[in-house]
Structure formats: C-alpha cells, structure tokens
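Those protein sequences? They're chains X and A, same order as listed. Position 195 of the first sequence, counting from 1, maps to 195 under this note's numbering, and the rest follow consecutively. Position 243 of the second sequence, counting from 1, maps to 243 under this note's numbering, and the rest follow consecutively.
If you are wondering where the hints come from, they were derived from the structure by calculation, not from laboratory data. Small disclaimer: the values here were computed from a predicted structure and weren't measured. The beta-carbon is built from N, C-alpha and C at its ideal position, and this holds for glycine as well. Hints may contain errors.
From chain X, some residues computed to sit far from chain A (all C-beta separations above 12 Å) [stated by the list, open to error]:
(1) D89
(2) K204
(3) A230
(4) R241
Pairwise CB distance ranges, derived in the manner of DEER restraints [said to hold, decoys possible]:
(5) A/G181 / X/H25: 51 to 57 Å
(6) X/T233 / A/M195: 48 to 54 Å
(7) A/D123 / X/N191: 20 to 26 Å
Number of protein chains: 2
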Amino acid sequence: MGRLVSMVEDGSPQLRQVMAALTPHAGQAHVVGITGPPGVGKSTTTNALVTELRAAGRRVGVLAVDPSSPFSGGALLGDRVRMQDHATDPGVFIRSMASRGHLGGLAWTTPQAMRVLDAAGFDVVVVETVGVGQSEVEVAGLADTTVVLMAPGLGDGIQAAKAGILEIGDLYVVNKADRDGAEQVRRELRNAIAMGERPDGSWKPPIVLTVAQSGLGLDELATELARHHAWLTETGGLAARRVRRAREEIEAIALAGLRERWDGLGHDDLDALAEAVVAGAKDPYAAADELVATATG
Amino acid sequence: MGRLVSMVEDGSPQLRQVMAALTPHAGQAHVVGITGPPGVGKSTTTNALVTELRAAGRRVGVLAVDPSSPFSGGALLGDRVRMQDHATDPGVFIRSMASRGHLGGLAWTTPQAMRVLDAAGFDVVVVETVGVGQSEVEVAGLADTTVVLMAPGLGDGIQAAKAGILEIGDLYVVNKADRDGAEQVRRELRNAIAMGERPDGSWKPPIVLTVAQSGLGLDELATELARHHAWLTETGGLAARRVRRAREEIEAIALAGLRERWDGLGHDDLDALAEAVVAGAKDPYAAADELVATATG
Chain X
1 MGRLVSMVED GSPQLRQVMA ALTPHAGQAH VVGITGPPGV GKSTTTNALV TELRAAGRRV
61 GVLAVDPSSP FSGGALLGDR VRMQDHATDP GVFIRSMASR GHLGGLAWTT PQAMRVLDAA
121 GFDVVVVETV GVGQSEVEVA GLADTTVVLM APGLGDGIQA AKAGILEIGD LYVVNKADRD
181 GAEQVRRELR NAIAMGERPD GSWKPPIVLT VAQSGLGLDE LATELARHHA WLTETGGLAA
241 RRVRRAREEI EAIALAGLRE RWDGLGHDDL DALAEAVVAG AKDPYAAADE LVATATG
Chain A
1 MGRLVSMVED GSPQLRQVMA ALTPHAGQAH VVGITGPPGV GKSTTTNALV TELRAAGRRV
61 GVLAVDPSSP FSGGALLGDR VRMQDHATDP GVFIRSMASR GHLGGLAWTT PQAMRVLDAA
121 GFDVVVVETV GVGQSEVEVA GLADTTVVLM APGLGDGIQA AKAGILEIGD LYVVNKADRD
181 GAEQVRRELR NAIAMGERPD GSWKPPIVLT VAQSGLGLDE LATELARHHA WLTETGGLAA
241 RRVRRAREEI EAIALAGLRE RWDGLGHDDL DALAEAVVAG AKDPYAAADE LVATATG
C-alpha cells in the first residue's frame, strides 16, 4: 500500500492502470478531512481518533497532507514519529504526503491516495492537512466529512483561519479544552457558525470539546462523525460530495495531462512565448491561445 | 487603477483587451515579494518600506494577496486600515486582493495585477502575501526580489515556515529586532541559508534586522533591495525571472481558458463522468481523456 501511495506522489506512469484497477473497489470508506491552524493539535487529535476508532474495531488509514512543503524529504521522519502509537497495528496505515509543488498537485494526488486506502478496505480514511491556506481548505473539502479544529490561546491563528474555514466545517472541535479560553472559543465558533451561510441548510455543525492528549471527548467526536455520515447517506449528500470530488479529480487530471503535453513541446516554445510577453511584444492571453493551439492541435 | 485591479480579481471578459493594451508599457517596476509566517509584522514592514521609498521619491504600489481567503469581503476594510498612513499620497497605491478560490487563481491574477501597477508607472510594486502555505510561497516567488520576514518569539511559526521558505528568499528580514531572541533568529537563519542549496549561486542573501514599528533598519532594507535589483540586472537574472513569471502566467491563463471551455460544455457532461467514476464504472484517467477530447475536439 505504501508503494501505491508513493506511485501517486511521484505521478508514476502506471497510475492510470492502478486507478483503473482500484476504482471499482472504492467508495466504501468514510473519508474524514481534518484541518485547522498550526498549533491546535491536529496530529495529536488524529492519533487519538485513530485509537478511538480502533477500539471500536474499525480499520483506519491516515493521509497527512502538507501543501506548504513543495520540497519533500521530511515525510518519512514525520511518519515514524506519528506511527509510534500504532506501529504494530495492521489495522492502521499512516502516511505523510508532500505535494510536489505543481499547480493542482494536491487536487490531483489526494483523491488518488484516498482511493488506494479506500479500495484496501479501510473503514475510515482521515485526510489531515497541515495549515489553513487555500489549498488546505480545498483538500479538506474533498472529504465526506470535514472537521475543523480550533484551540484556545492561538490569537492570530484563529483570526486568520476564520475567513475560509467557517464555511467548510461539518464538525468543529475545540481542542485543548482544559485550557483557559476554551469556552470562549466555543462561543465565538457558535456565533460565527450561526451567522454564516451553510450550503447544507439542514445540518447544524456540532462543536465538540476535546483534550486529545488524554483522549477526552474523542468518543463524542467519533459519535458525531458517524452521525454526520449517517445524515449524508440518508439525504443523498454523500453521493453529491463524492461526485463533486470526482469532478475535481477529473479536471485536475485533465489539466495535468494538458500541461504535460505542452511541457513535452519543449521548453523553447513556451519560453519564446514568455519572452515575447516580457518584451511587451505579445500579451499573455494571445500567448496562452497559441500554447493551447499547439498542444491540442 | 482600482477598477482595473477589480477587473483582474473578477476575471472580467475585457481583461484580454486591457492586458493587450498594458503589456507594452510594463516591465519598468521593481517587483518585490514579501512573505513570512503570521505575526512577523508583514503589513507593518510593508508600510514602513513604503514610507522609506517615498522619502527617496519613489512611487510605490502594494498588492496584499490573501490566498487563504477564497471568500472575499474583508479586503476593503483591510485597505482602509492599511491606507491610513498614505491616504493622501498620490504616489502610493495599496490594494488587498482575495483569491477567488479557483485552481491557479493566484498564479493567474497576481501577475496581471502587478502589470496594472507596473504599467501605471510605479517604480516599486510590493506583493505582500498573508501566510506561508505553498500558494503564498509561489506568489512571492513571482517577484523580482523575494523578501522573507522572520521575527523572534514565533516558535512553531518559524519551524513551520522553514520547509518552503528558506529556498526562496533573496533577502531575509528579522523584524521586531528589539525583542529577545532576535540575534538567535539571525544566527539560525544564517546557518540555514549557508546549508541550503541556492539556485543563484553567486548571490548571498543578506539578513537585515528591523523594527518596522519605529522604522529602524528600513533604510538598510531599501538599500539591499536596490542592490539585489542591480545584481539581477547585471547578471541577466532579472530577465530570467520575468520570463519564468510570464511562463507561469501564460500556463495559468491557458489552463483557466480550457477549464472555462469545459465548464461551458454544461455541468451535465462533467457530472456524468464524475458519477461514472463514483460508481466505479469508469476510472478518473479515462474520464479526463473524454473531458479533454470533448473540450478541444
């Protein structure tokens, strides 16, 4: 399985065959996205959630996605640290993925890595993203259920996070709930959620208080995850989200394919167009038209 | 000028004509990218830099780009707060830009907004990004000169930032240099820079200590910016960076155009493909092939 995920990361040419073989077997796992600002305890919470789900007999796969690290290399060390609680448990698979820094790289690789774990029979696939930039929000939004983590005492972190994050959570977690200010974070979240527009009108995102370090509140988090999954299944929301996810994946593959095709044209062609734009001799739209015409013609 | 930037943000259909008109007049401005983790004082530093450059008689345009905010609305308030120091100065233009959450949105809009300010005759165009995710790093990397800000006492912030950020800085600033730990941050930076691989071997990135709040060190920052610009000009690096920037812009426009074309096919077609993938009846690569064939055929 690790090798299949590496093939996804590396954009292996055999991926096409691998995905063709896996696609019919996917679609059973509950895909959970976890996001939130740095310092809220995302990996601790993920670990505690794994423990909780394992106690209930569920097999869990974890993808830790780091869009802020276009330069890879740190993933393996991170895996070892993360794995220590579950190292000997065959019902758990944990893997860090660095994005390769390509446009649409994560939109392209994450759903495929999800599919690998899904088709391998994991009941729950957790996709944990590292920060709260746009790409993190997008990746977390690929899940069936998106969990947004907050914590007291982050100051600017929460402030910065608010913009994009309050629209995407199906579940909110206030972690480090034993610290001062947890109740205030919960109150702020509740107000913000009440004010925000929710695309899925009938689901009211619950707020769960946890202390991931000690496992407090993890049972409630697991219960709420299951409740959201059941709600999605009943309302048809699950199918709708998966279609959306597949659309984004198909688009990302198509765009990556086109990009590859014009990279294959040789750098000279694109460089010549770029030089003409820099010189002011050609505008970027005209250059883009020429590029598309060459690549698809 | 504000209206032209809005047209860029909104992806106006007239952009093509606007860019065709502006392209021949662009290429004079020194484009400076400023990035760094939240809390280092990016907007304070940008403001102080504007004051410093104005004192030297240079016209300055500022684009504050927030890739973590796909949902716009906050930009105008932010502009008003930012503008207060320079509100009555016609030699300064400051504008916040939210990305529209599209794939490649920033790669597409930022160079065009830069071109608007460049063609309007600003001597320096500062592109300040909000966080340090991959998109922020990419946007800052579009500049002629990339400035990476750090500050003492950020703990995790610097840790998290290190991965992507130490490869891209042409200049490093340790802001809040009057605080404890500034010297240590400088030392850490110096070691990290010394260890890292630099694509431009002959430029050794300087580290400038500033207290942006009081303007301390801003003269040195301005001097180092000018020195890097002179070095780029002499070595041909300026042209190389601009060609790279234009390449990314052309690619982003081409991809956005293709995407628009298949959105124009009607959601039904893409939805049908996505549903087939979700059902396991078609793999995502085959679906992507069909999409490209329909859009370009």
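Verification of the supplied hints:
no.: 1; hint: D89; verdict: 29 Å, holds
no.: 2; hint: K204; verdict: 20 Å, holds
no.: 3; hint: A230; verdict: 19 Å, holds
no.: 4; hint: R241; verdict: 10 Å, violated
no.: 5; hint: A/G181 / X/H25: 51 to 57 Å; verdict: 53 Å, holds
no.: 6; hint: X/T233 / A/M195: 48 to 54 Å; verdict: 51 Å, holds
no.: 7; hint: A/D123 / X/N191: 20 to 26 Å; verdict: 45 Å, violated
Checked against the numbered hints above, the structure violates hints 4 and 7; every other hint is satisfied.
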